[in-house]
Amino acid sequence: DAGVIQSPRHEVTEMGQEVTLRCKPISGHNSLFWYRQTMMRGLELLIYFNNNVPIDDSGMPEDRFSAKMPNASFSTLKIQPSEPRDSAVYFCASSLGPRAGGGGQETQYFGPGTRLLVL
Amino acid sequence: EDQVTQSPEALRLQEGESSSLNCSYTVSGLRGLFWYRQDPGKGPEFLFTLYSAGEEKEKERLKATLTKKESFLHITAPKPEDSATYLCAVDGGSQGNLIFGKGTKLSVKP
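As they're listed, the protein sequences go chains L and G. Residues in the first sequence are numbered from 21 upward in steps of one, following this note's numbering. Residues in the second sequence are numbered from -18 upward in steps of one, following this note's numbering.
Isolated chain L (complex conformation) (with noise of 0.2 Å):
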């Protein structure tokens, strides 16, 4: 299995750009996570789908941010317009779904991440 694939793996963009992130989870998965990680925060969750559709998107941090899944092997994240503080690595992270009976999520296993650079 290839595993959680993202591109680009590095953008640098300036302020004001759009940014646009993607994401293949792995195939079977029914559930995909937007993280973002920073020194300062660590890893954040910002939405997470499950079978395509937005289940909890509360930690998106504006309006200026905005996650799509058209299909169960695509996702984007997109930042209009960019700036210097959207700073970070991006990871998104896919996962088998809900457990069944015991509540709380199967394993999420993680893609290598997007460095993105906003000037």
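No wet-lab data here; the hints were simulated from the structure. Hints may be right or wrong, so weigh each one.
[Unchecked claim] Stretches of chain G that chain L covers, calculated by requiring three or more beta carbons in the stretch to come under 8 Å of a beta carbon on chain L: (1) 9 to 15; (2) 26 to 34.
[As the list claims (entries may be wrong)] FRET-style restraints, in silico, Cβ to Cβ: (3) L/His30 - G/Glu39: 32 to 40 Å; (4) L/Gly23 - G/Gly(-3): 26 to 34 Å; (5) G/Glu39 - L/Ser107: 32 to 40 Å; (6) G/Lys38 - L/Met35: 42 to 50 Å; (7) L/Gly123 - G/Lys50: 16 to 24 Å; (8) G/Ala58 - L/Phe94: 26 to 34 Å; (9) G/Lys38 - L/Ile75: 22 to 30 Å; (10) L/Thr40 - G/Glu(-2): 17 to 25 Å; (11) G/Gly35 - L/Lys88: 38 to 46 Å; (12) L/Asn71 - G/Val8: 21 to 29 Å; (13) L/Pro81 - G/Glu(-2): 39 to 47 Å; (14) G/Tyr32 - L/Met35: 39 to 47 Å; (15) L/Gly23 - G/Pro21: 15 to 23 Å; (16) G/Glu36 - L/Lys88: 33 to 41 Å.
These numbers were taken from a predicted model, which means no experiment stands behind them. Cβ coordinates follow ideal geometry from the N, Cα and C atoms, glycine included.
Could you slot chain G onto chain L? The hints should help.
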């Protein structure tokens, strides 16, 4: 508020010197505790899941244990290739919401 605290922030060991990493958590209802390893420039790599107090999991030189308030990651006779940041996360709140600690950066010197 759900919280996860890892200690120490950084740990330097000599090869072969065993030690433990700590993950303390406060959640309303624990649905799972996860340990991940993260190498520089890479995504977190799954190590273990623990679901109930008293549970233990082992993999090579690593052993994870769980109590009602904390988890330990024991490293026995570590090697330089064990150097990485170890992340702890709990699933205890909103559906799908993993809460991560800041991690422990482990360095093992030969």
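Hints, one by one, checked against the model:
{"no.": "1", "hint": "9 to 15", "verdict": "holds (count 4)"}
{"no.": "2", "hint": "26 to 34", "verdict": "holds (count 4)"}
{"no.": "3", "hint": "L/His30 - G/Glu39: 32 to 40 Å", "verdict": "holds, 37 Å"}
{"no.": "4", "hint": "L/Gly23 - G/Gly(-3): 26 to 34 Å", "verdict": "holds, 32 Å"}
{"no.": "5", "hint": "G/Glu39 - L/Ser107: 32 to 40 Å", "verdict": "holds, 39 Å"}
{"no.": "6", "hint": "G/Lys38 - L/Met35: 42 to 50 Å", "verdict": "holds, 45 Å"}
{"no.": "7", "hint": "L/Gly123 - G/Lys50: 16 to 24 Å", "verdict": "holds, 19 Å"}
{"no.": "8", "hint": "G/Ala58 - L/Phe94: 26 to 34 Å", "verdict": "violated, 44 Å"}
{"no.": "9", "hint": "G/Lys38 - L/Ile75: 22 to 30 Å", "verdict": "holds, 28 Å"}
{"no.": "10", "hint": "L/Thr40 - G/Glu(-2): 17 to 25 Å", "verdict": "violated, 46 Å"}
{"no.": "11", "hint": "G/Gly35 - L/Lys88: 38 to 46 Å", "verdict": "holds, 42 Å"}
{"no.": "12", "hint": "L/Asn71 - G/Val8: 21 to 29 Å", "verdict": "holds, 26 Å"}
{"no.": "13", "hint": "L/Pro81 - G/Glu(-2): 39 to 47 Å", "verdict": "holds, 42 Å"}
{"no.": "14", "hint": "G/Tyr32 - L/Met35: 39 to 47 Å", "verdict": "holds, 45 Å"}
{"no.": "15", "hint": "L/Gly23 - G/Pro21: 15 to 23 Å", "verdict": "holds, 18 Å"}
{"no.": "16", "hint": "G/Glu36 - L/Lys88: 33 to 41 Å", "verdict": "holds, 38 Å"}
Hint compliance for this structure: hints 8, 10 are broken, all remaining hints hold.
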